[in-house]
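Enquirer: Sequence:
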Amino acid sequence: MLTLSISTKHIVLFSVSLFAVFASIVAVIASEMLEPPTNYKETTYITLVFNSDGNVEGIKGITGTNPLLVARSSNMHQMAITVKNADDDEHQLVIDRIAISKVLGKGDEDTIYVSGVPEGSYRYRDGLSGRVLGEFKVVKVTARG
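Start counting the sequence shown at -9; every next residue gets the next number (the working numbering).
Since the hints were derived computationally from the structure, they do not count as laboratory data.
Warning: the hint list may mix true and false statements.
[Unchecked claim] DSS-like cross-link-like pairs, simulated, lysine-lysine; straight-line CA separation at most 25 Å:
id, residue 1, residue 2
1, Lys127, Lys(-1)
2, Lys(-1), Lys92
3, Lys92, Lys127
4, Lys31, Lys50
5, Lys96, Lys50
6, Lys50, Lys92
7, Lys96, Lys31
8, Lys50, Lys(-1)
9, Lys130, Lys31
Go ahead and model the full structure; you've got the sequences and the hints to work with.
Expert: Written as structure tokens, this is what we have:
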């Protein structure tokens, strides 16, 4: 017959080991909660509205008729452009070689996201009429030191 002998030393070692494993698990969970997600992007929000003249009006993040839109070329930045249609005619925002909204009927809206676009100057237009509305510039922003 086999007898099992557990000493106080073994109980203490087991308890310390169990506590160390528990503390490691808590540390890993806490570090995951403190770090930002790897897919984090700073976002600039703009809202444009097609009016009855077929132009777009900036009403959030930018103002004016057919405004100059400027975005950063960084992959860590995105521009969320919400497009609304207040006109009776259908419209579609197209930023040449970059993004296209859905076709918008009166009262419809759509949001397009732009990120990581090469530096340069692009035109934006009404995709249904082909009319050029304005310019979309993508620039590189660096820290000055």
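Enquirer: Taken at face value, is the distance from the CA of Lys31 to the CA of Lys130 at most 25 Å?
Expert: At roughly 16 Å apart (the allowed maximum being 25 Å), Lys31 and Lys130 satisfy the hint.
Enquirer: Taking only the CA atoms, is the gap from Lys31 to Lys50 under or equal to 25 Å?
Expert: Roughly 19 Å between the alpha carbons, so the hint for Lys31 and Lys50 holds.
Enquirer: Does the alpha-carbon distance linking Lys(-1) and Lys92 stay inside the 25 Å limit?
Expert: Not OK: Lys(-1) and Lys92 at ~71 Å, beyond 25 Å, violated.
Enquirer: Holds or violated: Lys127 with Lys(-1), Cα cutoff 25 Å?
Expert: violated (71 Å)
Enquirer: Just to be careful, I want the Cα atoms of Lys50 and Lys(-1) compared with a cutoff of 25 Å; is the pair within it?
Expert: Roughly 69 Å between the alpha carbons, so the hint for Lys50 and Lys(-1) is violated.
Enquirer: When you check the alpha-carbon spacing of Lys96 and Lys31, does it fall within 25 Å?
Expert: Outside the cut-off at roughly 32 Å; violated.
Enquirer: Check the hint pairing Lys92 with Lys127 against an upper bound of 25 Å on the C-alpha distance.
Expert: holds (22 Å)
Enquirer: Sort out whether Lys92 lies within 25 Å of Lys50, counting only the CA atoms.
Expert: holds (20 Å)
Enquirer: Next pair to validate is Lys96 with Lys50; report whether the Cα-Cα distance is within 25 Å.
Expert: holds (19 Å)
Hints 1, 2, 7, 8, counting from the list given before, are not met by this structure.
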